[in-house]
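K.L.:
One point on numbering: in UniProt numbering, the residue at position 40 of the sequence shown is 40, and numbering is uninterrupted.
These are computed hints drawn from the structure, not numbers from a lab.
A portion of the hints provided could be inaccurate.
To be verified - Subject to a maximum C-alpha distance of 27 Å in a straight line, what follows is the list of computed BS3-like cross-link-like pairs (lysine-lysine):
no.	residue 1	residue 2
1	321	75
2	131	75
3	131	247
4	247	321
5	131	321
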Amino acid sequence: MASLSLSLSSLCLNKNPNSLGFSSKASRCLTFGSPNVLYTAVNKFAGVRVPAVCRASSLVFPNLQADDFRHPLDKQNTQMLRAIPGLNEIGKVVRGIVAVEPLFLENIGTSVLVTPNQLSGLHELMVEAAKILNVEPPLLYIRQSPVPYAGTVAISDKMPFVVVHTSLVELLTREELQAVFAHELGHLKCDHCVWLTFADILAHGAKAIPGLGWLISQSVEEQLVRWRQAAELTCDRASLLVAQDPKVVISVMMKITGGCPSLADQLNVDAFLAQARSYDKASLSPPGWYVRNAHATQLSHPVPVIRASEIDEWSRSLEYKAILTCATHECYKEDVERMAKKNLDQVDFEKIWEQVDVAKIREQLKKPKSA
Numbered sequence: 001m002a003s004l005s006l007s008l009s010s011l012c013l014n015k016n017p018n019s020l021g022f023s024s025k026a027s028r029c030l031t032f033g034s035p036n037v038l039y040t041a042v043n044k045f046a047g048v049r050v051p052a053v054c055r056a057s058s059l060v061f062p063n064l065q066a067d068d069f070r071h072p073l074d075k076q077n078t079q080m081l082r083a084i085p086g087l088n089e090i091g092k093v094v095r096g097i098v099a100v101e102p103l104f105l106e107n108i109g110t111s112v113l114v115t116p117n118q119l120s121g122l123h124e125l126m127v128e129a130a131k132i133l134n135v136e137p138p139l140l141y142i143r144q145s146p147v148p149y150a151g152t153v154a155i156s157d158k159m160p161f162v163v164v165h166t167s168l169v170e171l172l173t174r175e176e177l178q179a180v181f182a183h184e185l186g187h188l189k190c191d192h193c194v195w196l197t198f199a200d201i202l203a204h205g206a207k208a209i210p211g212l213g214w215l216i217s218q219s220v221e222e223q224l225v226r227w228r229q230a231a232e233l234t235c236d237r238a239s240l241l242v243a244q245d246p247k248v249v250i251s252v253m254m255k256i257t258g259g260c261p262s263l264a265d266q267l268n269v270d271a272f273l274a275q276a277r278s279y280d281k282a283s284l285s286p287p288g289w290y291v292r293n294a295h296a297t298q299l300s301h302p303v304p305v306i307r308a309s310e311i312d313e314w315s316r317s318l319e320y321k322a323i324l325t326c327a328t329h330e331c332y333k334e335d336v337e338r339m340a341k342k343n344l345d346q347v348d349f350e351k352i353w354e355q356v357d358v359a360k361i362r363e364q365l366k367k368p369k370s371a
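Generate coordinates for the entire structure from the input sequences, incorporating the hints supplied.
P.N.:
Written out as structure tokens, the structure is:
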């Protein structure tokens with residue numbers, strides 16, 4: 001589930017790779033790859049039917065900022081690009097020359113646009129997820145395909161859109177599908193398409209440097225591989241903020257790794273997490289470490305079991321709990337204000353004023369105060 005954009009590169013030139021490491025133990029050996037990875041589905045799509053009822057008990061994060069849940073590596077690289085003067089102006093030029101009109105036309109012609117009147121259950125899931133993450137909901141398209149996939153297009157000033165394949169809808173539960181929507185919304189909230197495109201332009205520009213330009217460019221591109229996958233881990237966190245249950249997010253990873261509709265009810269999240277711990281343990285040896293990193297460099301996303309370990313660990317972190325706590329306090333404050341307003345609206349002040357004995361109050365005020 002990736003963000004569709006230009007071919008991208010990184011700006012992380014650091015002599016100490018460990019300083020570009022990850023927040024949790026599970027990801028210490030990660031090396032990263034490019035955005036889009038596809039998985040083959042076993043069963044043919046039979047139909048799309050998603051309940052229209054959305055959860056009313058979910059916490060909403062009205063003040064949530066992208067940096068509140070960014071993966072450390074994603075945050076570090078984004079801040080580096082933000083510090084470059086004039087980058088926004090360059091971005092306007094780049095977005096102006098990128099031809100995305102064919103992509104929009106392709107989706108309008110070959111996909112179903114989800115609206116309140118078309119697949120309304122899916123529309124409500126997207127709108128609710130966007131509200132929870134404090135981001136504008138993008139257009140949502142459903143496309144017939146046997147390959148479970150979801151992607152985001154957000155280059156140019158046009159409204160961004162998300163494309164989801166029917167086989168993915170068939171494979172997942174309602175909660176899991178909303179977690180997928182949240183993952184794509186995470187890309188939009190964090191502006192991954194924009195920042196990674198900037199980094200790619202800079203990486204290609206490094207090749208023009210006389211002498212060691214090719215070496216610098218190679219180093220930058222290697223770091224971008226890691227950044228791209230860190231961006232995916234960031235968006236897994238966005239999924240958790242919406243699902244508010246790590247097992248829902250991990251179940252999505254498990255199903256796209258080795259699930260199909262006929263086996264979905266037999267899959268076990270706890271067993272998949274145990275598998276993730278075994279993978280982590282096996283990679284501690286020098287041969288295991290080498291194989292793990294060599295494998296990861298060929299993938300556009302982090303290895304699924306590593307993603308499961310990462311989100312499981314983040315779900316127990318103080319950072320995640322702090323976000324939930326802030327949302328809880330905000331909800332409590334809104335509830336109190338709503339109740340106070342409701343009570344005030346029910347008060348008949350004119351009737352109360354009629355019952356006040358103004359003359360008696362004036363007499364009391366005129367009386368001298370006792371010593």
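K.L.:
For each hint, tell me whether it holds in the structure or not.
P.N.:
Structure-based check of each hint:
1. 321 - 75: Holds: residue 321 and residue 75 sit about 19 Å apart, inside 27 Å.
2. 131 - 75: holds, 23 Å
3. 131 - 247: holds, 22 Å
4. 247 - 321: holds, 16 Å
5. 131 - 321: holds, 19 Å
Checked against the numbered hints given earlier, the structure satisfies every one of them.
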